[in-house]
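**Q** What follows is each chain in one-letter form.
Protein chains: 2
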Amino acid sequence: MKLLDDDKIIDLAELYKLFGDSTRVKIINILIDKELCVNEIAEGINATQSAVSHQLRLLKQAKLVKYRKEGQAIFYSLADDHVEKIFKIGCEHIEEI
Amino acid sequence: MKLLDDDKIIDLAELYKLFGDSTRVKIINILIDKELCVNEIAEGINATQSAVSHQLRLLKQAKLVKYRKEGQAIFYSLADDHVEKIFKIGCEHIEEI
DNA sequence: TTTATATATGAACAAATATTCATATAAGAA
DNA sequence: TTCTTATATGAATATTTGTTCATATATAAA
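Residue numbers (the numbering used here), protein chains in the order written: chain A, 220 to 316; chain B, 220 to 316.
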């Protein structure tokens, strides 16, 4: 295993940072296997619409979630399998401690 | 996939948070496949001994690294395969964006 | 014992960040 | 158009967090 260069290290840290907040982890968790609109997410995780929207923006920027408009609603879902994979490998780790 | 309860969500976020800082990612990266003492780590990643020591304390608390004393030196290494696994799955993700 | 080396730690400071509140934008319904 | 609903966003605030600096602890060498 070679050392990553600094740019990649920073990218990697930025990626994990997004998983490093409980509101965002809740969002990712609730989006596993389904798509939900912002309000549904907010209700589902007991957070305000604003807080969820702010966090979705970060997840969207990092391409961890994708979205689809339908009327007034905007449905969010996980962007790809990697997101769930990263989530699940973390779960495995905390189960084993 | 069921929703994790709040305690697990918090544990999970705490775990990822540790991967969400470039100094710590560098430490984890440099410890893959070998053990190093604090000074070697500090030199290897261009950080001060103090900064590295502070971060090692966090990694140690979370059991992401283990250590072994030998004379004055303290050799650190990754605690288990999970750490490298989490690291590598993150690498895969950033490679693909 | 004194000196040197390796590591850890507490306090202070600066920077990053999550939430709240108010409000803006956008889309549909009346 | 006006009203309602859904979402986004900017500013302010409070909290968290990483680094630095100084110093403490511990081990080995002289």
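The hints are simulated quantities; they were obtained by calculation from the structure and are not laboratory data. All values derive from a computational prediction rather than experimental measurement. Please note that the accuracy of each hint is not assured.
The list treats identical chains as interchangeable, and a pair is accepted whether it falls inside one copy or across any two copies.
What the hints assert, rightly or not - No more than 27 Å apart at the CA atoms, straight line, and that leaves these computed lysine-lysine pairs for DSS-like: (1) K227 x K288; (2) K253 x K221; (3) K304 x K236; (4) K221 x K288; (5) K221 x K279; (6) K307 x K227; (7) K221 x K285; (8) K253 x K227; (9) K221 x K304; (10) K304 x K288.
**Q** Each hint should be assessed against the structure and marked as holding or not.
**A** Verification of the hints:
1. K227 x K288: neither (33 Å within a copy, 32 Å between copies)
2. K253 x K221: between (37 Å within a copy, 12 Å between copies)
3. K304 x K236: both (16 Å within a copy, 17 Å between copies)
4. K221 x K288: between (43 Å within a copy, 26 Å between copies)
5. K221 x K279: between (30 Å within a copy, 23 Å between copies)
6. K307 x K227: Result: close both inside a copy and across copies, 22 Å intra and 12 Å inter.
7. K221 x K285: Cα proximity of K221 and K285: across copies only (21 Å, versus 32 Å in one copy).
8. K253 x K227: Result: close only across copies, 21 Å inter versus 31 Å intra.
9. K221 x K304: The answer is both: 23 Å in one copy and 15 Å across copies each meet 27 Å.
10. K304 x K288: within (26 Å within a copy, 36 Å between copies)
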